[in-house]
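Using numbering that gives the first Met the number 0, you'd call the opening residue of the sequence shown number 0 and step up by one each time.
Take every hint as true, because none was put in to throw you off.
Estimated spans, in silico, between C-beta atoms of each pair:
#1 T37 / Q123: 31 to 39 Å
#2 Q102 / L146: 15 to 23 Å
#3 A40 / G117: 36 to 44 Å
#4 A145 / D103: 13 to 21 Å
Quick caveat, the hints were computed from the structure, so don't treat them as lab data.
Where a beta carbon is used, it is the ideal one built from N, C-alpha and C, also for glycine.
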Amino acid sequence: MAGAPGPPMTPAADRAQACPCGAGTPFAEHCGPVLDGTPAATAEALMRSRYTAYALLQQGDQRAADHLWRTWHPRTRPEVVEPGPGLRWVGLEVTQTRAGGPQDDHGVVAFVARWTTGEGEHRQDGELVERSDFARRGGRWVYVGALSDEV
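Let's have the full structure, built from the sequences with the hints guiding it.
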């Protein structure tokens with residue numbers, strides 16, 4: 000679900016806008032509650048909310064950084080969560096899920112996240128292709144890390 004970046008979300012206006020994760024529903028009904036602390040029901044829902052947080056982080060949304068920190072497994076999370084300078088996340092496609100449902104304790108979500116940086120002749124577009132590992136900890140889904148393709 001690639002697309003052009005929409006207008007920047009502001010805390011007052013973001014709730015009615017389409018969710019950056021591409022779910023096709025308003026932010027207030029999809030990733031918004033998860034960013035505000037409601038536990039994600041599935042590993043995919045958490046992954047989508049984390050994508051949304053990265054998209055909002057570039058705009059200085061502090062709840063996005065808090066959400067990323069809170070939903071990263073303490074064994075694997077970095078000391079500081081910072082956006083890539085000038086990077087804008089512009090589209091997300093979930094390509095596969097394995098387990099990660101409401102009754103599971105582990106899940107894997109594969110996705111393609113598209114990004115852009117720069118302007119004009121300096122513009123670059125790319126994508127992050129990842130299979131992410133998720134675990135349930137204390138009743139909440141957390142991101143553990145990227146899985147390698149090696150078996």
